[in-house]
Structure formats: C-alpha cells, structure tokens
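Asks: Protein chains in written order, with our numbering: chain B, 1 to 343; chain D, 1 to 343.
Simulated from the structure, these hints should not be mistaken for lab results. Be aware that one or more of the hints could be misleading.
If chains are identical, the list can't say which one is meant, so a pair holds when it fits in one copy or spans any two.
As a list, the in silico PhoX-like pairs of lysine-lysine whose alpha-carbon atoms are at most 25 Å apart [stated by the list, open to error]:
id, residue 1, residue 2
1, Lys135, Lys341
2, Lys53, Lys135
3, Lys24, Lys135
4, Lys338, Lys243
2 protein chains.
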Amino acid sequence: MNIALIGCGGVGKALIQLLQEKEKQLMTQGLNIALKYVLSSKGGVYNPNGIDKADFFEFVSLERNVSIYPKGGNPNLSIEDIISNKDIDMLIELTPTNKDTGEPGLSHITQALESGIHVVTGNKGPVVLAYKKLKNIAKDNGVQLGIGCTTGGALPSINAGFMDLAGSEILSIEGILNGTTNFIIQLMEEKGINYNEALKTAQDLGIAERDPSYDIEGWDTAIKMLILVNVLMGEEKTLKDVKISGITGITQKDIFNAKTRGRKLKLIGKAVRDGEKLDMSVVLEEIDSSHPLYGVDGKNKGVRYVTDTLGDLTIIGGASGTKAAAASILRDIINIHKGYKFV
Amino acid sequence: MNIALIGCGGVGKALIQLLQEKEKQLMTQGLNIALKYVLSSKGGVYNPNGIDKADFFEFVSLERNVSIYPKGGNPNLSIEDIISNKDIDMLIELTPTNKDTGEPGLSHITQALESGIHVVTGNKGPVVLAYKKLKNIAKDNGVQLGIGCTTGGALPSINAGFMDLAGSEILSIEGILNGTTNFIIQLMEEKGINYNEALKTAQDLGIAERDPSYDIEGWDTAIKMLILVNVLMGEEKTLKDVKISGITGITQKDIFNAKTRGRKLKLIGKAVRDGEKLDMSVVLEEIDSSHPLYGVDGKNKGVRYVTDTLGDLTIIGGASGTKAAAASILRDIINIHKGYKFV
C-alpha cells in the first residue's frame, strides 16, 4: 500500500516510527506500506520508492523543517502534486483540528476521496463538520474513510459502533472521552488540591494545554460525542445541539461531597434517543460504583453504548499519547486493508 | 445473500426471528438475506426462493420437527444436499457443542468451507479443536469463517481482538466469560446463601443447566479462553494446557472474607505471555475495585486485553440469552458482508 502523510506533528512522527517498528509484522499480514510522501506546513518530502522510515524519523526528531530532508525534500511540494502524481492508495490526514472551518484538513480529505484515494484521519474538524458529505464522496468513488482516531484515539469507540455493534441499533451513548479533564478531577480527589492547582499540575506535566479551554470547557468531549452520534446514529447534529458545561466550576467541596456519598465526579458526554428527539449534553455528573464508567480514572477513557439487540457494551481504556494515537491510525489502515467497508 | 442454517435450537430460532425483524434495516445496508435451508437433526426445510421467516418462526415455536413444515419440509434433507445444490453463499452452523470431537459441527464447517461457502458459527467445539485448520481451508477457498458468538455471545471479544486491536500485539487476556458462575457467585454475595442453594436457584431460573458441570467446573471459561488465545494470539493450545478450577468449592466464608476486604470473588480466565511461554488458567480470584473487571456482575461478561501499542482495553457487557447470541451471529454475517477478512 502506497501512502502519503500530511501533518508531521507528534502523531505524524509517532506514526512514521510505528510503521517502521511494525514493518515485519505487517508484512506477515500481507501489508507492505510504502510511505511516499510526507507533507507539512513547510513543504514536504517525496520519494517514489518509499521514504526510508527509520532514517526520516531520526531526521524529523531533530529538525522541524521536513523540506530540507536530503533525500527528496522539497519546499514547494503540495497536496496537488500528491494527487496529480496518482501514485498513492491512501492519504493519512493529521493536520491540526479547526472546529469552525475544518481546514485545511477538509480540503485535503475531499480532494483525496474525489481522486479515488482512501483517507484515514485523526482530524476532528472535517469529521464533525462534514462526515455525511465526506462519506458520500468516499462511497461515490469506491474508497474508504477511516476516522477511528478522532473519538478517543486508541479507545475503539468508532470501531465498536461499526463492527462490534453491527446489526444492532444504538439507543444511547455515554462517554468519558477527555483524558485531560478526567486527570484534573482525579488529581483534586487524590491530592485534595483545588481546581487551579490541579490544572497547573496537569499543565506542568504536559497533559493540559497552555490554553486549556478546549478541554476544560467541554468542547473536546462535545465534538467527540457529535462525531459518535453523527457517524453511528446517522444524525447530523452540530455544536449548538449540545448542552455543554465543563469542569471549570468544580470545587473541593463538590469532590468531597461526592466522595462521602461513595461517588465520583466525571465529565460525561451523553446522547439519548427519546422518540424522534436526541438529547445531547456534556455535564459534570456524580456517578456511583454501579455505573459502568465508574472505574475510568486518570487519563483513561471509556464509552458505553446501549443497544436494542446486543445489550449494553462498555469499552474502557486505550492508551493515551501520540504513540497510541498513531496506533489507532494504523488500526484503521489495517482494517481498510482487510477489506472492511466503513462507508 | 443466500444462507443455510444448521441447528434449530434456541439460538437458531432466535436468529430466524431476528433476521425477520431486522429485514428492512438490513436491506438499507444492501444486505438482503434469503434463508434457503433450515436443517435440524430430524431433517429440514428447503425453499429455493427463501423460506418465509415469519411463518416458519411461528411454526418452529410450536413444533420441534421442522421436516413436517408444509412449505418445503423434507425428512431426508442433508448437509450433502445443501452443498451439492450450490445455491448458498453462507452456512450458519449452530449444532450443539461437543468439546471432545467437535462433531457434527466440524464436518459441516469443513464441507462448507471446502465448497467455497462462508461459515458463521456459534459452535465452540470445532473452533477450539481445529481453528487453525479451518482458517486455512477458508483461506484456500477464498471464504470467511466468523466465530464471534463462541466466546461470550454478544460480548465482542473476538471482534475486539481482530478489529479493535488491529496492528497491536496482545500480551495478555483476562476474562469473566461465564455468566452462570458469575450469577451464582453474586447470588451468594447478595442473599448470603450457600453454594448449593445458589446453584439450585440458578437452575430453577433456567440460568444453570440441570447438569451444571460444564459451567461450574470452569470448562466453559477454559474453552472460551482457548479460543481467544488460539485465534488472537496465534497459539495452538488445548485443554491440557489450562490449569482449571471451578467454583464448586466456594463457601460463604470465602465470600464474606472477600467482602470485608472490599473485594469480590470472580472466576477469571487468564492467559499471560511470559517470553516464549503462555500461562493459562481458570481460577477463582479475589479482585478489588481497581480491577477493570470488578464491575462485571451477574450474567454480565467482560474481557481485558493488554497490548503493546494500543494500551489496555476492557470490554464489558453484551446481553445474554438466545436473542443476544443470535444478534452476535448476525454481527458476523454483516461484517463479512461488509468485506472484512477474518482469515
């Protein structure tokens, strides 16, 4: 399989390393991946015979400007070159998420699908804004669109909805889908510190961003829930359909009160079908030990589906970090290689 | 898709009903299932245009002898007829499990695969005894073998290993895979009754068999673990490789002692890779609330995988009963229809 990678940040780099580490194992499954292109915001690299993954990974570990890579670096390389060369089967789209426009990912994905190229992406923007449209383009062009990385990375929440619950109808979804907020809450519980201290600790550990609003205000959870709902329940919801509150108001007293009741506070995304309606929310909730997501602590994630014929299904885990996110991209690549039709 | 069903017990009947109930929904996914044959130990039914599912389900709900069904019943119908007619794409094999010989399922599955017919089965015997052989026959004949129902029914334990963990290596598996024993233990915990009383209650409720040895002695868990290990970890283990103990020795005192330590007793199947070795056991174990399977109570099931690149993954749930088992058969049918290559 010939692939191009757009976006060479943490996950992109981790993917290059993972593809190299897993090369032999993948070959035993009949999957021989040639990485022909890597494109970043500063140009890219093209090697029609496949970029040397180990060598290139070493290079990008030290140097951010991929276009000066001696074997095929090119400051003018563009997505248009990649498409017009017609020598790839799949595009891996890992540019940063823009939840308002979806760009530049949305254009990259659209162009690739329209040109009969499979796409696997970890970019939430295009998926939350335009999944249905992209799915139809993929269908019309006989190619696949893998989005498993967008809703919890290694947590197979999308896979579960497609494959593990195939043939059943999803009636509701509940998820703890944001590791950062879950980690902050656990810090407050365990260390008895207040919200600001816990946030600062999480930032110092590199778990929370310098501008943490996307996570702590509930946007990240809301977007992941929207993707699950639109993709798995056939909806076309947008952010304005979700009642969103984050964890910024949480106090030690809230934590203490929950604890004395044998409960834990969790930021829970919910989507519940109620006749024709679908109610969606992201709310801090007290749950007790009988709740299937009670054990989802720290950076862990979890999701629970209630279905008509396959009962309840709770999935917990999936490592966090760039390596695990890269592994979730590889998972989609393999499932598409194994013939699975997501669209 | 043209299918034949062999085995018309509880799950077989539930499947016929489910296929009828889901008919319209499946058609929207491009899956039009014609049930051409139903074969039981007393002959069968053949309708080249597809058996009327609603009508036939009503018939088999009242009458065990399918061969007297007025529209196509035939006391002499055999698997050989089904194979030689060459008019099906898939065989659903649901005859009772024989863990020593795998028959008659093993012959049915072998014949079908050799004739280029996909097979989906809920029959553990052939899978635990001959998965590798069957997989190779399927591969050689360009068809698929779906076995998702064999390791916990609705619990997508096999799917998870194939699809949700694609590209990662499974390092260990832990599972609560037998609902009957888990239910008996919970009864003892909640009602303060002894083992024999709890077993009797479970039998009266139809949850435990009249001869409960297969469940309570740990054989069922061991066989499910063997299937997971052989299918997902590429092993060729047999029952003699598993250290098996059941729940028959459990006392109120054990339950009480665990409870005072804040723990629960669970019958846990384990497979842990240790270098070249793979240690397998089915043992009653005390686990505390930090264990991912702590919340798996009653008839619920759960499995936890530890992997190299996708972290830990715990899957809990999946309804029990014939309807849920039938839904897990349908899940495999759909995933094969969607192009996924299990073998």
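Asks: If a hint holds in the structure, say so; if it does not, say that too.
Replies: Hints versus structure:
1. Lys135 with Lys341: Both: 11 Å inside a chain and 22 Å across chains, each within 25 Å.
2. Lys53 with Lys135: Neither way: lysine 53 and lysine 135 sit 31 Å apart in one copy and 33 Å across, limit 25 Å.
3. Lys24 with Lys135: Between copies, since 22 Å is at most 25 Å while 32 Å is not.
4. Lys338 with Lys243: neither (39 Å within a copy, 35 Å between copies)
Checked against the numbered hints above, the structure breaks hints 2, 4 and satisfies the rest.
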